[in-house]
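Undergrad: Whole structure, please, built from the sequences with the hints as guidance.
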Amino acid sequence: MQTRSCQVLIVGGGPGGYPAAIRAGQLGLDTIIVDKHGLGGTCLNRGCIPSKAMIHAATKYEDMAKHADSDVLGISLAEAPKLDMGKLVGWKDGIVSKLTGGVGQLIKAAGAEHIAGWAEFSNAKTCVVTQEDGEKVEITAENVILATGSVEVELPFLPFGETVIGSTDALDLSELPEKLVVVGAGYIGLELGIAFRKLGSEVTFIEASEGILPLYDKEITRPITMWLKKHKVDVNLSCKAKGVTEKNGKTILEYEDAKGAAQSIEADKILVAVGRKACLDGWGLDKMGLDLDGGKFIKVDNQCRTGMRGVFAIGDVVGEPLLAHKATAQGEMVAEIIAGHRRVHDPVSIAAVCFTEPEVVGVGLTPDEAKAKGEEIITGKFPLAASGRYLSMEAGTDGGFVRVTARKDDHVILGIHAVGTHVSELSGEFALAVEMGARLDDIAGTIHVHPTLTEGFAEAALTALGHPIHISAPKK
Amino acid sequence: MSEYRYKMPDVGEGIVEAEIVEWHVKEGDSVAEDQHVLDVMTDKATVEIPCAVNGKVTKLVGAPGDVIAVGTEIMFIAVDGAVPAEDEAPADEAKPAEPAKPAAPKAAEPVAAAEAPSIASRSGGERPLASPAVRKRALEADIDLANVPGTGPAGRITHDDLDDFIKSGGRLVARSGSGSSSVRAPRTGVTEEKVIGLRRRISDNMSHAQRTIPDIAYVEEIDVTALEELRAHLNATKSDDQAKLTFIPFLVMALTKALPKTPQANAHFDGEAMLLTKYDAVHCGVAAATPNGLMVPVIKHAESLDIWQIAAELRRLAGAAKDGKATKDELTGSTITITSLGAIGGLVTTPILNAPETAIIGVNKMQTLPRYNAEGVVVPRKLMNLSSCFDHRIVDGYEAAMLIQAVKGYLENPATLFM
Numbered sequence: 001m002q003t004r005s006c007q008v009l010i011v012g013g014g015p016g017g018y019p020a021a022i023r024a025g026q027l028g029l030d031t032i033i034v035d036k037h038g039l040g041g042t043c044l045n046r047g048c049i050p051s052k053a054m055i056h057a058a059t060k061y062e063d064m065a066k067h068a069d070s071d072v073l074g075i076s077l078a079e080a081p082k083l084d085m086g087k088l089v090g091w092k093d094g095i096v097s098k099l100t101g102g103v104g105q106l107i108k109a110a111g112a113e114h115i116a117g118w119a120e121f122s123n124a125k126t127c128v129v130t131q132e133d134g135e136k137v138e139i140t141a142e143n144v145i146l147a148t149g150s151v152e153v154e155l156p157f158l159p160f161g162e163t164v165i166g167s168t169d170a171l172d173l174s175e176l177p178e179k180l181v182v183v184g185a186g187y188i189g190l191e192l193g194i195a196f197r198k199l200g201s202e203v204t205f206i207e208a209s210e211g212i213l214p215l216y217d218k219e220i221t222r223p224i225t226m227w228l229k230k231h232k233v234d235v236n237l238s239c240k241a242k243g244v245t246e247k248n249g250k251t252i253l254e255y256e257d258a259k260g261a262a263q264s265i266e267a268d269k270i271l272v273a274v275g276r277k278a279c280l281d282g283w284g285l286d287k288m289g290l291d292l293d294g295g296k297f298i299k300v301d302n303q304c305r306t307g308m309r310g311v312f313a314i315g316d317v318v319g320e321p322l323l324a325h326k327a328t329a330q331g332e333m334v335a336e337i338i339a340g341h342r343r344v345h346d347p348v349s350i351a352a353v354c355f356t357e358p359e360v361v362g363v364g365l366t367p368d369e370a371k372a373k374g375e376e377i378i379t380g381k382f383p384l385a386a387s388g389r390y391l392s393m394e395a396g397t398d399g400g401f402v403r404v405t406a407r408k409d410d411h412v413i414l415g416i417h418a419v420g421t422h423v424s425e426l427s428g429e430f431a432l433a434v435e436m437g438a439r440l441d442d443i444a445g446t447i448h449v450h451p452t453l454t455e456g457f458a459e460a461a462l463t464a465l466g467h468p469i470h471i472s473a474p475k476k
Numbered sequence: 001m002s003e004y005r006y007k008m009p010d011v012g013e014g015i016v017e018a019e020i021v022e023w024h025v026k027e028g029d030s031v032a033e034d035q036h037v038l039d040v041m042t043d044k045a046t047v048e049i050p051c052a053v054n055g056k057v058t059k060l061v062g063a064p065g066d067v068i069a070v071g072t073e074i075m076f077i078a079v080d081g082a083v084p085a086e087d088e089a090p091a092d093e094a095k096p097a098e099p100a101k102p103a104a105p106k107a108a109e110p111v112a113a114a115e116a117p118s119i120a121s122r123s124g125g126e127r128p129l130a131s132p133a134v135r136k137r138a139l140e141a142d143i144d145l146a147n148v149p150g151t152g153p154a155g156r157i158t159h160d161d162l163d164d165f166i167k168s169g170g171r172l173v174a175r176s177g178s179g180s181s182s183v184r185a186p187r188t189g190v191t192e193e194k195v196i197g198l199r200r201r202i203s204d205n206m207s208h209a210q211r212t213i214p215d216i217a218y219v220e221e222i223d224v225t226a227l228e229e230l231r232a233h234l235n236a237t238k239s240d241d242q243a244k245l246t247f248i249p250f251l252v253m254a255l256t257k258a259l260p261k262t263p264q265a266n267a268h269f270d271g272e273a274m275l276l277t278k279y280d281a282v283h284c285g286v287a288a289a290t291p292n293g294l295m296v297p298v299i300k301h302a303e304s305l306d307i308w309q310i311a312a313e314l315r316r317l318a319g320a321a322k323d324g325k326a327t328k329d330e331l332t333g334s335t336i337t338i339t340s341l342g343a344i345g346g347l348v349t350t351p352i353l354n355a356p357e358t359a360i361i362g363v364n365k366m367q368t369l370p371r372y373n374a375e376g377v378v379v380p381r382k383l384m385n386l387s388s389c390f391d392h393r394i395v396d397g398y399e400a401a402m403l404i405q406a407v408k409g410y411l412e413n414p415a416t417l418f419m
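For the protein sequence lines, the chains are A and B, in the order given.
When you line the first sequence up against the numbering used here, it's residues 1 to 476, in that order.
When you line the second sequence up against the numbering used here, it's residues 1 to 419, in that order.
Hints in this document: simulated from the structure, not taken from any laboratory.
Keep in mind that the hints are not guaranteed to be accurate.
[Stated by the list, open to error] Pairs of lysine to aspartate or glutamate, EDC-like flavour, derived with a Cα cap of 16 angstroms:
1. Lys365(B) <-> Glu126(B)
2. Lys299(A) <-> Asp286(A)
3. Lys136(B) <-> Glu435(A)
4. Lys300(B) <-> Asp329(B)
5. Lys373(A) <-> Glu126(B)
6. Lys232(A) <-> Glu202(A)
7. Lys136(B) <-> Asp346(A)
8. Lys125(A) <-> Glu376(A)
9. Lys382(B) <-> Glu140(B)
10. Lys82(A) <-> Glu178(A)
11. Lys136(B) <-> Glu336(A)
12. Lys136(B) <-> Glu132(A)
13. Lys26(B) <-> Asp39(B)
14. Lys287(A) <-> Glu120(A)
15. Lys218(A) <-> Glu369(A)
TA: Structure below.
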C-alpha cells in the first residue's frame, strides 16, 4: 500500500472542505482533499444548486402554463408547455457537473491535490483511502480537517425505497409524481414540495409542528401559507407520519392528525424531509478520540478545533446552522489558522434563505427573539406591494415585505427579514448591515438604487424611524 | 432667610492671599457653625477654616489651586433669620466680586473623553459593535474589542478607534487583560494631577532656588565609628523619658559648634537687595517626609540645647509635622537646613538650598567599609557621607570645605562635641 504524508488532509469535498483545500493550497500548504461522491458535496450535487435549478425550471414552467391559459401581460401561448422530467433532470445534472468540474480545477489551480476515494481513519492523523479502482493509499497528515457533512434523516417507520424518497432522490426523478406527499414542512420540504406543485404535482404536507418553517415567525411565513392555499396545497399541521402501507397497488401514508385520529393519504411518492444529521459513521470517527456535542455533532471551539491537537472539523458535521456558507467560512478560516494566521469564527449572524414561493430571507434576530433577549426594539415593515420594481415583476400580490428590527435606544439593527419574490438576493446587503453594525440611519442614509427591491430595505429602515416615503407613516 | 457671605479669613500675620487646597462642602450642603469647611494653604502651613454660621451653602467661589485674596467672599450661605449685622450683605449689592485670579496659570482642563453619547451605553458583556475588518485586525493584534472605546454611531469601533487604542499602548493592556498568565503586565495608565497646595509651594521654592542660586556641592566621608559607639552607649543608658538618639542630633550639635567660624553658612541672602543676614542663633531646619508632603520643622536655638534636648525637640517637631499640627512658627525661621535620606540609603545627594538660606547639609547612609588604619592595616570602619550644598555667591569653596571639615572633626572625635 502506498503511503503518503501531507501538511493538511481534508476529508469531504463539500462547501466546507473544498474552500479549505483551495485556501490551504493558496497559502502554500501541502494539501490533500479526499472525497468519494464528487467534489461540491451535498451543496453542489444533491442540495443547494440542483434544487435551485429545479425550482427555477418549475417556476418557468408554471409561468408558461399561465400564458397558455390566458393572455396575461398580453402574452399567450398556443398550447400548454410540455414537461420532460428526464430532460429537466439532465439539464440540472449539466449544471452540477459543470460546477463540480470547476471545483476540481480550482483545487488543482490552488496547488492542492484531490484524491477520489473513501477515507477511513485508523487514528486521528492517519487514514486509509480506498480509491475507485480499489487501490489503497495511507495518508498521514500534520493537520486534519473533517468536513464530512450531513445526510438526510431517515425515519425508521418510513425507510427510503422506491416510493419513500429523500431530497436527493427527489432531484433525480425521471417522472413527475402525480401525487406527492411531503413529510416535513421545513425549508427543504417546502422548497421541493412547492417546486413539484409548480410542475403540476398534487402536493400534500404532513408536518408535526404547529406551523411551517418553524424557525420563522408567522408574519414571515404567512405569504407562503397564502401561496400554498391559493395553489391548493394541503398543509396538515400537528400531524405525525406513522408508516406506509400498500393497498390495491397504491402506496398509502398513514398518519395521526392533530386530534390524534388515524388518517391515511394516497401517494405516488412520499418525500421525507425531516432534517439532516451529521455524517459521523463509516470513516473511523471512533478511532480518532474526538468529543461529540450531544452525540450528534463533532464538538469544536470557535476556531473549529476539536479536542485533538491539529484536528479540525467544519460545516454540517459540527452542528447548526447546517448551511453551506457557514461551512465555507469555517473552511477558509481553518486553512488560515493552520497557516499560522489568527482567526476565529465569530459572525454576528449567518443569513439564511429559503427558496420557497415566495422566498424568505432572515439575518439576525426576529422581533420575538430580540425581545426574549431583553432588547427594547423598534421595527419597520415595508410592504413590497408599494415597490414599483416589485409590481413590474408581477409580484405585487404575494404579500411580500421587508422587516427590520432595531434596538430602540441606539437604532443598531438586530435583525432583518424579508419574504417575497427574489428577496434571497437582498441577503447580502442584510448580512452586511448586521455584520458592520449598521444603524437604521445608515441604511436610510444609503441611497438605494431605483428601481430595485433594495429600496424596500431603505424604506423599512425609514418606517422604523417613523418617516417612510412610499407608505403612510406608522402611527406613533 | 438671609445670606451670609463668608470671606477668605486672614490666616496669619502679613498673609494677603491664600490658596484653596480643598473644599469640604459643596453647594447645597448644610453646614454648621465651626464645621471644618475649607483647607487653605499659606506659606507652608495648611490651615483648616471653620464655618461661622449654621445654614446651607448656596455658592462656592474658587476651586482648589486658586489663590484668593484675603477678604474675598468665597462662600455664600443661606441662613435662617438674621445674620450678624457686620456680615450681612447690602440688599442692593450686585453679584459678588470675582475672586482674585490664580497666581499661577490654571492647569489645562482635562479634555473631555468624548462627546456625551446621545444613547445609553451598552451593558458589559455585550458584543462590541465593529465591522468584520476591524474585528479581524483586533484579533490579529490580540486586542479585546470590549476594551476599545468606540467613537462611531452607537459606539461602533472604527479603524481609527483601533489605531488610537494601539497608539496609546492599549494593545498591551488588552493582552495583559486577555487571560495571560504573566504577572508582568505593562502599566499604561496616565493620571493628570493639578499641582496645588504644599506641592505647588515646594515646586515654586525649588524652581526659584535652583534658578537663582549658583550652588556648590561638597561631599565628604565621615568616620562615625567612634560616634556610633557613643550613640549606642548613650541610647543604652538613657532614662526612659529621654528621646532615643539618632545621628541627626549629633550633626546639629556639630553644626552649632562649627558654624560660628563660618557664619555666612548660617545666614539668609537676599540677592535682589544684596543683603546678607548672618545669624548668631542656629535655627536648624530638619526636612521631614510627612503624609502631607515635605515639611521642614525648625529646631530653634539649637546652640542652646544639649544633645538630649535636641533629640527631644526633633522628636516633638517631627511628630507635629506628621500629624499636620506643626504651627507656622515651628515651620519657619530656619537659618540652615539638614536633609537626611541616610536611613533609606544613597551614597551622595545634591540637595537644593532652602532659600534664602546659604547652606544645606545632606546625610547619606552609614555603612561598614574597609579602611587602612594608622598602621596600614585594613580594618572595618563605619563611614557616612555628608553631601552639602552652599550658595556659592556667599560661601566660597574654601569656606564650605572648612565648615564641613570642622563638622567632620567634631563627629569623628565625638568627645569634642561636649567640650
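Undergrad: State for each hint whether it applies.
TA: Evaluated hints:
no.	hint	verdict
1	Lys365(B) <-> Glu126(B)	violated, 56 angstroms
2	Lys299(A) <-> Asp286(A)	holds, 14 angstroms
3	Lys136(B) <-> Glu435(A)	holds, 12 angstroms
4	Lys300(B) <-> Asp329(B)	holds, 10 angstroms
5	Lys373(A) <-> Glu126(B)	holds, 11 angstroms
6	Lys232(A) <-> Glu202(A)	holds, 8 angstroms
7	Lys136(B) <-> Asp346(A)	holds, 10 angstroms
8	Lys125(A) <-> Glu376(A)	violated, 49 angstroms
9	Lys382(B) <-> Glu140(B)	violated, 59 angstroms
10	Lys82(A) <-> Glu178(A)	holds, 15 angstroms
11	Lys136(B) <-> Glu336(A)	holds, 12 angstroms
12	Lys136(B) <-> Glu132(A)	violated, 42 angstroms
13	Lys26(B) <-> Asp39(B)	holds, 13 angstroms
14	Lys287(A) <-> Glu120(A)	holds, 9 angstroms
15	Lys218(A) <-> Glu369(A)	holds, 13 angstroms
Hints 1, 8, 9 and 12 from the list above are not met by this structure, while the remaining hints are.
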